[in-house]
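Top to bottom, those sequences are chains W and C.
End of the first sequence = 108 in this note's numbering, gap-free, step of one.
End of the second sequence = 112 in this note's numbering, gap-free, step of one.
No wet-lab data here; the hints were simulated from the structure.
Nothing here was measured: the structure is a model prediction, and the numbers come from that model.
Certain hints may be false.
Claimed, not checked - Which bits of chain C does chain W cover? Going by a derived footprint, with three or more residues having C-beta under 8 Å, they are:
#, segment
1, 37 to 43
2, 74 to 80
Claimed, not checked - Below, in silico cross-link-like pairs of lysine-lysine (DSSO-like), each with a Cα-Cα straight-line distance of 30 Å or less:
#, chain 1, residue 1, chain 2, residue 2
3, C, K57, C, K70
4, C, K100, W, K42
5, C, K53, W, K45
6, W, K45, C, K57
7, W, K79, W, K42
8, W, K2, C, K70
9, C, K57, W, K79
10, W, K2, C, K57
11, C, K100, W, K45
12, W, K45, C, K11
13, W, K42, C, K11
14, C, K11, W, K79
15, W, K79, C, K53
16, W, K45, C, K70
As the list claims (entries may be wrong) - One side of the interface only, derived from the structure: several residues of chain W facing chain C at Cβ under 8 Å:
#, residue
17, S26
18, S28
19, Q31
20, F34
21, E43
22, P44
23, L46
24, S83
25, T91
26, N94
27, F96
28, F98
29, G99
30, T100
31, G101
In this text, a Cβ means the ideal position worked out from N, Cα and C, and glycines have one as well.
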Amino acid sequence: RKEVEQDPGPFNVPEGATVAFNCTYSNSASQSFFWYRQDCRKEPKLLMSVYSSGNEDGRFTAQLNRASQYISLLIRDSKLSDSATYLCVVTTGNQFYFGTGTSLTVIP
Amino acid sequence: DAGITQSPRHKVTETGTPVTLRCHQTENHRYMYWYRQDPGHGLRLIHYSYGVKDTDKGEVSDGYSVSRSKTEDFLLTLESATSSQTSVYFCAISAGVREKLFFGSGTQLSVL
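Based on the sequences and whatever the hints tell you, model everything.
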């Protein structure tokens, strides 16, 4: 079983739409959680950390559900510039584990 | 942006030749990592370092070695490159084991 699993998509949404991604992790001892954004042929960049209480950064909201072992990312009012691949990342012990990414395309 | 430089950015080599990729950081972070990224597999850890001369294997370490003689430099060596090592290689750094990861711009390696 993979440490981290994501729906690969692709998600194609119109501008202004709200879109949500989920990611499940297998190890209940996982400690830290992040969402990264990766543009085509570029390096992943940190979008936001994910906390148990949930956290928001502008149009982006991240949630962590430890009981069900999943994290989510909600993007409101989608922009064309949000088109990218979104990676969920989980730390377990001294290792980072990555989902394979969810592809998002925002359509004009 | 975090100060991480990878070199070279692109490399084409032949099967059986040795290849060394370099990662240089200016953040003085303790942890450094080498990942490879392939379609359908996501990012997979090759090796990582938790201090000068302290390294450990990751998920896909076979055929790779690393060295870290200074805090700022982490080298990845393919002793004898194979076509299966064609990939995009990313270096990453973090201040601690559960701290945020910051990535270099990547090296596209093609082994013919």
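Do the hints match the structure? See the list:
1. 37 to 43: holds (count 4)
2. 74 to 80: violated (count 0)
3. K57/C / K70/C: Roughly 19 Å between the alpha carbons, so the hint for K57/C and K70/C holds.
4. K100/C / K42/W: holds, 18 Å
5. K53/C / K45/W: holds, 28 Å
6. K45/W / K57/C: The hint holds at about 24 Å.
7. K79/W / K42/W: Given pair K79/W, K42/W holds - Cα atoms ~19 Å apart, limit 30 Å.
8. K2/W / K70/C: Not OK: K2/W and K70/C at ~34 Å, beyond 30 Å, violated.
9. K57/C / K79/W: violated, 40 Å
10. K2/W / K57/C: At roughly 18 Å apart (the allowed maximum being 30 Å), K57/C and K2/W satisfy the hint.
11. K100/C / K45/W: Roughly 10 Å separates the two Cα atoms, so the pair holds.
12. K45/W / K11/C: holds, 23 Å
13. K42/W / K11/C: Satisfied, since the Cα-Cα distance of roughly 16 Å is no more than 30 Å.
14. K11/C / K79/W: violated, 35 Å
15. K79/W / K53/C: violated, 45 Å
16. K45/W / K70/C: Holds: K45/W and K70/C sit about 25 Å apart, inside 30 Å.
17. S26: violated, 15 Å
18. S28: Hint violated; S28/W Cβ to chain C Cβ min 16 Å, cut 8 Å.
19. Q31: Holds, about 5 Å.
20. F34: Holds, about 7 Å.
21. E43: holds, 4 Å
22. P44: Hint on P44/W: holds, closest Cβ of chain C at ~5 Å, below 8 Å.
23. L46: holds, 5 Å
24. S83: violated, 18 Å
25. T91: holds, 5 Å
26. N94: Hint on N94/W: holds, closest Cβ of chain C at ~4 Å, below 8 Å.
27. F96: F96/W check passes; min Cβ-Cβ to chain C is 6 Å, inside 8 Å.
28. F98: Holds, because the Cβ-Cβ distance from F98/W to chain C comes to roughly 4 Å (cut-off 8 Å).
29. G99: Holds, because the Cβ-Cβ distance from G99/W to chain C comes to roughly 6 Å (cut-off 8 Å).
30. T100: Holds: closest Cβ of chain C sits about 4 Å from T100/W, inside 8 Å.
31. G101: Nearest chain C Cβ about 6 Å off; hint holds.
Hint violations for this structure: numbers 2, 8, 9, 14, 15, 17, 18 and 24, all remaining hints satisfied.
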